[in-house]
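Please model the complete structure; the sequences and the hints are all you need to start from.
Per the numbering used here, the sequence shown starts with residue 6, numbered consecutively.
Don't read these hints as lab results, they were simulated from the structure. Each residue gets a CB set at the ideal place from its N, CA and C atoms; glycine is no exception. Watch out, some of these pointers could steer you wrong.
Unchecked claim - Pairwise CB distance ranges (calculated):
| # | residue 1 | residue 2 | range |
| --- | --- | --- | --- |
| 1 | K7 | I50 | 28 to 38 Å |
| 2 | I57 | N18 | 19 to 29 Å |
| 3 | K7 | T71 | 32 to 42 Å |
| 4 | L46 | W13 | 15 to 25 Å |
| 5 | K74 | V39 | 30 to 40 Å |
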Amino acid sequence: MKMLLHIWEELKNYFLTHNGDGWASAVFTAIGLVVSYFMGLIGLIVRVVKAIFNKSSLEQYLILETDIKAVEKQFKEEAFFFDEDHEKKYFFLGTKS
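This is how it looks when you write it as structure tokens:
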């Protein structure tokens, strides 16, 4: 949806600055934007599918995810403060929560 809004804004800006001339250029620009968006989306899908079927990449991802969870748990256990009501509050990723 954001991409369609972006295309609409690009077309509107083009026609406002060129007083309606250059229809073909505007249409080809819009088509190019849509094609580039879908090519990026297809590339993302291909990378995800490759990662799913590539066992070593999947194992590396799971190990990384486990490490991140362990670090977050350790950080949460060690990083806390007391608020005005003397209740224990925790820092989460560098911010108070």
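Could you tell me whether the CB distance from K74 to V39 stays inside 30 to 40 Å?
Since K74 and V39 have Cβ atoms about 39 Å apart, the given range 30 to 40 Å holds.
How does the Cβ-Cβ distance of L46 and W13 compare with 15 to 25 Å: does it lie in that range?
holds (19 Å)
Beta-carbon spacing of K7 to I50 - inside the hinted bounds 28 to 38 Å or not
violated (18 Å)
I want to verify a distance hint. Is the separation of the beta carbons of K7 and T71 within 32 to 42 Å?
holds (34 Å)
Starting from the hint 19 to 29 Å, judge whether the C-beta atoms of I57 and N18 obey it.
Roughly 40 Å apart at Cβ, these two residues miss the hinted range, so it is violated.
When each numbered hint is compared with the structure, violations occur for hints 1 and 2.
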